[in-house]
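Order-wise, the sequence lines are chains S, U and V. Position 75 (the first sequence) corresponds to 58 in the working numbering; numbering is contiguous. Adding 5 to a residue's 1-based position in the second sequence gives its number in the working numbering. Adding 126 to a residue's 1-based position in the third sequence gives its number in the working numbering.
Keep in mind that the hints were calculated from the coordinates and are not lab data. Please note: incorrect hints may appear among the correct ones.
Within a straight-line C-alpha distance of at most 20 angstroms, the following computed EDC-like cross-link-like pairs (lysine to aspartate or glutamate) qualify [as the list claims (entries may be wrong)]: (1) K262/U to D196/U; (2) K367/U to E357/V; (3) K314/U to E79/S; (4) K276/V to E211/U; (5) K(-7)/S to E204/U; (6) K276/V to D253/U; (7) K9/S to E211/U; (8) K94/S to D152/S; (9) K276/V to E193/U; (10) K94/S to D60/S; (11) K183/S to D98/S; (12) K311/U to E92/S; (13) K89/S to D111/S; (14) K9/S to D48/U; (15) K503/V to E27/U; (16) K342/U to E123/S; (17) K107/S to E92/S; (18) K311/U to D111/S; (19) K503/V to D48/U; (20) K276/V to E27/U; (21) K163/S to E185/U; (22) K503/V to E211/U; (23) K46/U to D191/V; (24) K9/S to D269/U; (25) K367/U to D439/V; (26) K(-7)/S to E54/U; (27) K(-7)/S to D203/U.
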Amino acid sequence: MSILGGGIFKGMAVTLRNFVGSYFSKERFITTNEYSWRPESELPQSIGDYPKEEGEQLSDTTTVNHYSRNFPMLLHDTGEPMDTIRCVACQICERECPPQCIYIEKSTEKKENADGKPQFYPAKFDIDVSVCMSCQICVEVCPFDAIVMNSQFELSTPDRFGGLLVRRDDLLKSNDYYHKIHPQEAATRDERMAADKAAKEAKKKAAAEKAKAAAEAKAAAAEAANESKEDTE
Amino acid sequence: MTTAAPNYELLQQEGLETSLLEISMGPHHPSTHGVFRMDVKLDGETVVELRPVFGYLHRNHEKLAENMTYLSSMPFTDRLDYFNSMTNNWAYALAAEKLIEVEVPERAEYLRVIMAELTRLVNHVTLVGFFVNDLGALGTPLMYAFREREKILDLFEQASGARMMCNYFRFGGLRNDVPEGWLDRTRELVDRFPAFLDEYEQLLCENEIILSRTQGVGNLSRELAVNAGITGPMLRASGVNYDLRKVDAYGIYDRFKFRVPYTDGDTGDCYDRFMIRMLEMRESVAILKQALADIPEGDIIGKVSKVFKPKPAEAYGRIEGPKGELGFYLIADGTTKPYRYRVRPPSLINLTVLRDMCLGGKIADACIILGSIDIVLGEVDR
Amino acid sequence: MSLELIKDILLATVPLLVIFPSLFAFTTWMERKALARIQNRIGPNKIGIPCTRIGLFGLGQPAADGIKMIFKEDIVPRGADKLFHLLAPILALIPAMLILCFLPLEFPWGKFMSGQVQAFLLDSAVIFFFAISGLATLAIFMAGWASRNKYSLLGGMRAVAQMVSYEIPLVLSAVVVVMMAGSLNAKEIADVQTGFNWFVLTPWGLAAFIVFFVAALAETNRSPFDLPEAESEIIAGYFTEYSGFKFALFFLGEYIAMFAISGLAVTLFLGAGDGPFLAVAPWLSVVWFIAKIFGLIAVMIWLRGTLPRLRVDQLMAFAWKFLLPLSIFNILLAGMSHHVTVAYPGTTAQVVTWTVSLVGMYVMAKGLDKISRSTAKPREYLYAE
Ligand code: SF4
Ligand code: SF4
């Protein structure tokens, strides 16, 4: 084997450069937790910045990158969670979820939702987060924008079975919270929903007008028919 | 000993009893890249017999997919080769798109290429790191590789919400558009990547120890490679110029100018396999630069109905994954679920020549040969 | 036994038993930190003063490691040979500690000793050094055999083959120094080099030092020659089946052996305790000595952070076909240049011997390289458009 070339020394120069560089250049440095989307001033400056004090992380929704997704949550609009819940228990997500980790029980009677329309609601809505694989399929298939991804990740619990089965009331989060954790995504979603709603209303109006027009036409036609009848008489 | 390899004779001496040393390397072993097992017979340090054992990570992927809707198995493809979820998604989407008539929008095609090439960078850069780790380095190249990988995974997270299990491709396009500023961040990364590659090459490519450890080890002849159905960088290292990006030109690969590195086929050893990947990274950077320069604005998903229900048909979609030809074969029977779903995993098929390459080498060679094949057990066992 | 003798024994041994294990702790910290920085990580940084968040750059890490090691369960495989499994780590540590005594460390309290027990005054210190350090091979093989684990056995076999082979270039490169100094006594060898007459500053000394250092890396199982504990191939080699305190003993033994062999390199080639300001403060010699040891260890760490390891046949070939002929050739060169410089004092002769030796060494090394039929070189690749 040949040792006499310069390859080994070249390699050693690289490691030396990295050794020195790790003290001076931030680019080289591996931070155990990437905060690249944060402004410079918020980057962890010293050891001890991470992990945060116990418990702090739970409430600090900005600990993770706001693009990331973890487990689903149910959305409700401003107001009492159960009064403004968007989910109508249509059970599409339950059917589509690849690992089958959503369990829904539909309510027997209807209740008014945020728009004041009577709707069914989930009497039970459990997600087994020990099975959930954070794939976001449920979010995509939901026709009512009722379920979105949360980014909370501190979910460890001493109770292996019950503790990881998240119930409806724990899943329910307000739209404001959603805006806080996924600002860009939430804004687009709201925009689209508003557009959908407007389109629907416009359609409804158009339909109503059309119906009215049709009724008028019908009436006119009937009158004309009557007249012609009279004429023939 | 009847199991001795061809041309191999055990020392027989009067009054001296000799036998081979049998070792079951794995499923828990630092260099078997997951739960893979090699039953080896050693004469001293020389490998006389080798039997690969796998299936420890079997998750019934294909049968599962046959029992759920087309879209629902998309997230499961992420878990095949968990280093390259983006390319897995693409291969599956390609197969499904052949079942229905759909036009993939321009912007989505560009983003697909960008994602696939970033994935290739992730795969190759970490593969080289792991490979040198198998050679016995103390993780220094691997750490550099992981630093770069981390930056790319951050980009993936920003686009798709997850770092590894991206689940980003959809039939007819992509799930969502990339967020504001993503393309600029990617451009910055791509601009900086060659500098890192220079350093990486300086560290590894001329190191005499790496040269002498890898050259002449694990030779794979062109004939055997072709006959065994080897694909990807491993095939090109054996001297066959075959790259699906050129052959099939799927997506919009025909619009980019890039070169495919390959060897003259004289050696086909671990060093070639290692170098081909190093060189491929430069080409990926070239593709990325072009794609990022030309990407248009527009839609990201074509017109696909919400219920995916193709007419009875067969389709095979394949792409040049970082590890080789990754293919998905689907038979639709007119329902919302595929009748047959089959994956052609490059890792498994490339692994079939392991025994041929290892026999007669040292046990240390077996480790690096396995490393140079580039397997991910999620894909081998499915 | 007289009181005098007891005092001497204590003064000679206690410092060694205190200083080197604590240096060991420091070295593990240094190694982890340096490797981390080479890999662009932070390395140990949390454990400093207990019960506070003061990190002290992780200096408390070795202590924490030690505590962990002691309290860990000591697992002995059922099929293992219990007695030898226990004896092996002890036997690995003893020779390493023993050879520390042969280092010519001049502690300031040396003047209170009557000189009866100072081991380095032994006339054949260098021979003893090699003889005793050879014992470590036995301990390693014992560990490999007694564990009843195939990986351990392979590791043990590798260790024996490697350490026996590399002992030869190691000794042969030290022969040059013995020849020149005319003594096997470590103290005398050190004295010859005072005033910056270090042997490494001569052509033959430089070559011998490089050979010695490479062989020393192999002797102490350091990267790139760490085959006996090659993680990616044979798990952890001969100490696969060791845990807890026995593992810690192996670890300690390995590092002490590293100190010892670097100490010998310092004694033979780097002028032992020689350095500036000795006239002002003679106690500085200990400091210089240890600083030089640490210099060598830093290079070892640096190599470890950079290089992958050799294969077992290449390792053997490197020892027998490269280092061994080179070190024999170096003996020849050393004798020649000594006679030339003695016969013709003056700078011209110096220059001539330097050039001749360096050229000779280079040609010899290149030739050996050729003979070993090494064909490894970077290749050219084709591109398809
Ligand atoms: S994220 Fe995926 S796995 Fe989790 S509940 Fe939704 S569909 Fe099911
Ligand atoms: S979350 Fe959406 S899809 Fe699931 S039951 Fe509620 S409304 Fe239906």
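Do the hints match the structure? See the list:
1. The straight-line distance between the Cα atoms of K262/U and D196/U is roughly 17 angstroms, inside the 20 angstroms bound, and the hint therefore holds.
2. Straight-line distance between C-alpha atoms of K367/U and E357/V comes to about 15 angstroms, which keeps the hinted pair within the 20 angstroms bound.
3. For the suggested pair K314/U and E79/S, the alpha carbons sit about 14 angstroms apart, so the restraint of at most 20 angstroms is met.
4. A distance of roughly 34 angstroms separates the Cα atoms of K276/V and E211/U; the hinted pair therefore is violated under the 20 angstroms criterion.
5. Restraint check for K(-7)/S and E204/U: the C-alpha separation of about 10 angstroms stays at or below 20 angstroms, so the hint holds.
6. A threshold of 20 angstroms between alpha carbons decides the hint, and for K276/V with D253/U the separation of about 49 angstroms lies outside it, so the pair is violated.
7. Distance check on the hinted pair: K9/S and E211/U sit about 28 angstroms apart at the alpha-carbon level, beyond 20 angstroms; violated.
8. A C-alpha spacing of about 17 angstroms is found between K94/S and D152/S, which places the hinted pair at or below 20 angstroms, so the restraint holds.
9. Distance restraint check for K276/V and E193/U: the Cα-Cα separation of roughly 50 angstroms exceeds the 20 angstroms cut-off, and the hinted pair is therefore not satisfied.
10. With a C-alpha separation of about 15 angstroms, the suggested pair K94/S and D60/S falls inside the 20 angstroms cut-off, and the hint holds.
11. The suggested pairing of K183/S with D98/S holds, with an alpha-carbon distance near 14 angstroms, which does not exceed 20 angstroms.
12. Distance check on the hinted pair: K311/U and E92/S sit about 29 angstroms apart at the alpha-carbon level, beyond 20 angstroms; violated.
13. With a CA separation close to 18 angstroms, the supplied pair K89/S and D111/S stays within the 20 angstroms bound.
14. About 50 angstroms separates the Cα atoms of K9/S and D48/U, which puts this hinted pair outside 20 angstroms; it is violated.
15. Pair hint K503/V plus E27/U does not hold up; C-alpha atoms about 35 angstroms apart against a cutoff of 20 angstroms.
16. Under the criterion of a C-alpha separation no larger than 20 angstroms, the hint pairing K342/U with E123/S is consistent with the structure, at around 18 angstroms.
17. For a cut-off of 20 angstroms, the pair hint linking K107/S to E92/S stands: about 13 angstroms separates their Cα positions.
18. For a cut-off of 20 angstroms, the pair hint linking K311/U to D111/S is broken: about 26 angstroms separates their Cα positions.
19. For the suggested pair K503/V and D48/U, the alpha carbons sit about 30 angstroms apart, so the restraint of at most 20 angstroms is broken.
20. A C-alpha spacing of about 8 angstroms is found between K276/V and E27/U, which places the hinted pair at or below 20 angstroms, so the restraint holds.
21. Restraint check for K163/S and E185/U: satisfied, since their Cα atoms lie roughly 17 angstroms apart, inside the 20 angstroms limit.
22. Between K503/V and E211/U, the direct Cα distance comes to roughly 8 angstroms. Compliance with the 20 angstroms bound is thereby established for this hinted pair.
23. This hinted pair does not check out: K46/U and D191/V have alpha carbons roughly 37 angstroms apart, beyond 20 angstroms.
24. A C-alpha spacing of about 42 angstroms is found between K9/S and D269/U, which places the hinted pair above 20 angstroms, so the restraint is violated.
25. Proposed proximity of K367/U and D439/V is supported: the alpha carbons are some 9 angstroms apart, at most 20 angstroms.
26. For the given pair, K(-7)/S sits about 38 angstroms from E54/U by alpha-carbon distance, which is inconsistent with the 20 angstroms threshold.
27. Taken as a hint, the K(-7)/S and D203/U pair is honoured in the structure, with Cα atoms around 12 angstroms apart against an allowance of 20 angstroms.
When each numbered hint is compared with the structure, violations occur for hints 4, 6, 7, 9, 12, 14, 15, 18, 19, 23, 24 and 26.
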